[in-house]
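Protein chains: 2
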Amino acid sequence: MKSADLCPRFETGMELLSKRWNGFIIFRLLEGSQRFSELESSLPISGRLLSERLKELEAAGITTRTVYPDTPVRIEYELTEKGRALRPVITSIKEWAEKWVNSEELDSMNQ
Amino acid sequence: MKSADLCPRFETGMELLSKRWNGFIIFRLLEGSQRFSELESSLPISGRLLSERLKELEAAGITTRTVYPDTPVRIEYELTEKGRALRPVITSIKEWAEKWVNSEELDSMNQ
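Keeping their order, the protein sequence lines are chains A and B. Note that the numbering used here has the first sequence beginning at 996, numbered continuously upward. Note that the numbering used here has the second sequence beginning at 996, numbered continuously upward.
Bear in mind the hints are in silico, worked out from the structure with no lab data behind them. All figures in this text were calculated on a predicted structure; none of them were measured in a lab. One or more of the hints may lead you astray.
Which copy? The list can't say, so a pair holds if one copy fits it or any two copies do.
As the list claims (entries may be wrong) - Mimicking DMTMM-like on lysine to aspartate or glutamate, the simulated pairs with C-alpha atoms at most 25 Å apart in a straight line are: (1) K1077 / E1006; (2) K1089 / E1051; (3) K1089 / E1026; (4) K1089 / E1033; (5) K1050 / E1100; (6) K1050 / E1006; (7) K1094 / D1065; (8) K1077 / E1100; (9) K1094 / E1073; (10) K1094 / E1053; (11) K1050 / E1073; (12) K1050 / E1035; (13) K1050 / E1093; (14) K1050 / E1099; (15) K1089 / E1010; (16) K1077 / E1090; (17) K1077 / E1099; (18) K1050 / E1033.
Extracted from the complex, chain A is given alone in its bound form (with noise of 0.2 Å):
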């Protein structure tokens, strides 16, 4: 296997923080516990494709959801302990795009 000298650990960070819209779930979160219309209401996704990537997160440790039992019944998504632990990550990406995200970049981008 050629990936032997690959960590493996961090391929799944990797794989993780590579599938496309978890870096900006989890970048919303990271403000605070979020209701299912606030996070889809927040991100230029469908609610099908944000429900889709938040029972990925949960299963994979970095989410939890609760069901409050008012009426309407209300749920909300926040972090767990492993998904607090990527703001350094997710605070680093911020800081490297900010300084080194050019404007032409950006208008490629909106094309």
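Got chain A sorted already, so can you dock chain B onto it with the hints?
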């Protein structure tokens, strides 16, 4: 546009890192410049895919490609200043993964 309040620079940074194998290529190049064949033998991907990723990373200003007129010709890839500035990102992912990715997750990846 629903994503209006997402930081567009963070979005561009995440796009770059979330493209599969980019993290690993940068991880490798943080150790120093590498020939194409060295990168190829350290990653579990085809030469064609590696070449594609390296072209994209070069276009994004993350890597450079230098041709040395030896016999046979020697081509080396290395990180630019913008690329080397990703060290804290890669390091924080590595540290998070070492602490938080558990053996069950590693087992499920190997299946």
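| Hints violated by the structure (listed by number, smallest first) | Structure breaks hint 7 only.
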